[in-house]
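So the sequences go chain by chain: A and B. Under our numbering, the first residue of the first sequence is numbered 1, with each subsequent residue one higher. Under our numbering, the first residue of the second sequence is numbered 314, with each subsequent residue one higher.
These aren't lab readings, by the way, just hints derived from the structure by calculation. You can trust all of the hints, since none of them are fake.
A partial selection of chain B residues facing chain A, derived with a Cβ cut-off under 7 Å: (1) 406; (2) 436; (3) 438; (4) 454; (5) 475; (6) 477; (7) 539; (8) 543; (9) 544; (10) 551; (11) 552; (12) 561.
Here are the simulated lysine-lysine pairs, BS3-like style, with alpha carbons at most 27 Å apart: (13) A:274 to B:333; (14) B:532 to A:125; (15) A:28 to B:529.
All residues carry an ideal CB built from backbone N, CA and C; glycine is no exception.
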Amino acid sequence: MSKVLIVAEHANGKLNSSTAKAVTAAQKLGGDVEVVVLAADGAAVAGEAAKLAGVKAVLQVDNAANKDPLAAVLAPQVAELAKARSASHVLVAGSTFGRDLMPRVAALLGVPQVSDIMLVHGPSKFDRPTYAGNAIVTVETTASPVVATVRMASFAAATSGAAVGIEKVTTSAKLPTHTRYLGIESHKSERPDLQSAGRVVSGGRALASGENFNKFIVPLADKLGAAIGASRAAVDSGYVPNDMQVGQTGKIIAPELYVAIGISGAIQHLAGIKDARTIVAINKDPEAPIFEVADIGLVGDLFQILPELTSKL
Amino acid sequence: MKALVSVKRVVDYNVRIQVKSDGSGVVTDGVKHSMNPFDEIAMEEAVRQKEKGKITEIVAVTIGGDKNEETLRSALAFGADRAIHIKEAGEVQPLTAAQAFAAVMKKEGAQVLFTGKQAIDDDANQTGQMVAALLDIAQATFASKVELDAGKATVTREVDAGLETLEVDLPAVITTDLRLNEPRYLKLPDIMKAKKKPVEAVSLGDLGVQAAAPVKHVKTANPPVRGKGVVVKTVDELVSALKGKGLVS
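Chain A with its partners taken away, still in its complex shape:
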């Protein structure tokens, strides 16, 4: 019988939707699912986690040291809880938070990690992507506990259910002081969150400037109620901030509709969008690799096409 411990991701007193996806993956393992909330004051986050369908219990670990998401501080507590709860699995969503934290937990427990689970065959057998998603490896681990990150684009978020109990727990893990959080620079936006949006409009190098992003991409995204993403080239060129990058090393997303505008479609970018239900590509180069994965392609000048498309939707 499995017992899965999921580390909740949260910010500003709110549970990140990534956690609900990890819960869905955990349910496929069978057994009990517990969510651990490490925070300075985790009451609100724990309350949200308690309402995720499929969760058996929520562990709330309040500690002033847990105010910011520092892997070095959280990892010893997660490792201790994994032992104390006799967890068979320790999971986290494969966001930058999870990818930073979980290998540290695995090493403390002396076990290997399985990164980016995309399919659960059984409690110790999984599929995961390698080579930017171009080779899918089925892996089997004999380690106990199984420590893994969950590829978010592969699992739907768990729905809400009846609230379960919240247990306040403490750990005696010795916490390091060698890491200090100085702050985060976030770009506030009223748009849907790129990671979980049902529709995404992305721009590439062909946009040629940040102004053109505002002038051509934003109106289309507004019309579609879409989040806005970008290729690495557009981020590198400074048109938009890094948190908008989609691809192997940026965000890996699975929207219903993905519109790639002026994006050639390097394999690293395609790795981030392969799970989109429908991919639309607009590019002036008919040979661009993006057309190999696009469900609907339109060859032409984006600066003419976009205003027309936006007005006709």
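Given chain A's structure and the hints, the job is docking chain B onto it.
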């Protein structure tokens, strides 16, 4: 301050990889290999920090079979002063690599380990964090800006929500992201000079490391292929195709 840079030999990022028909892995024989691009960024960062006078010696390290020496020679051409080759013929997984690098870090008394945030073959994104855990030292992953000072580093990290800044005490592990720098083009004289720089060969046993139990690879397969799409000629056709799929009303 001494810096350690761990580098990995991988299938070159321009290669379209092929899955073997028997499902035993991907074709690597006769395929161009090069240094993991994220490790090139780590190497470049160490060299730039040395040029700024923050670092006095750069030691490159890798783990793997004989061919990995090519990758170490590239690291030496970038500007590493010397290199350590941990010889291991079989497949090396992240936990074993981390145990080995942690042992080297300790033995060398290095103050910082620079390494790529992930390798583009297994895309595991684990080794740096594991080294930091094993040594109980700080980590700053996905770095896009690094300032080294006496005894500490200030690192800007690319995270999902934006740019986060940490201050870490040294020694520390810093894993490098794409926008940290643009690695230099290696010049022939530097490649020639690298051939004369020392490479020390050691075994896991020499480092007192026992390989960790591996995760077993059952099979490797091609990803599902997306159905063939349509190419439309006009915006009106695009709009009606979207309507046909119920994506717009």
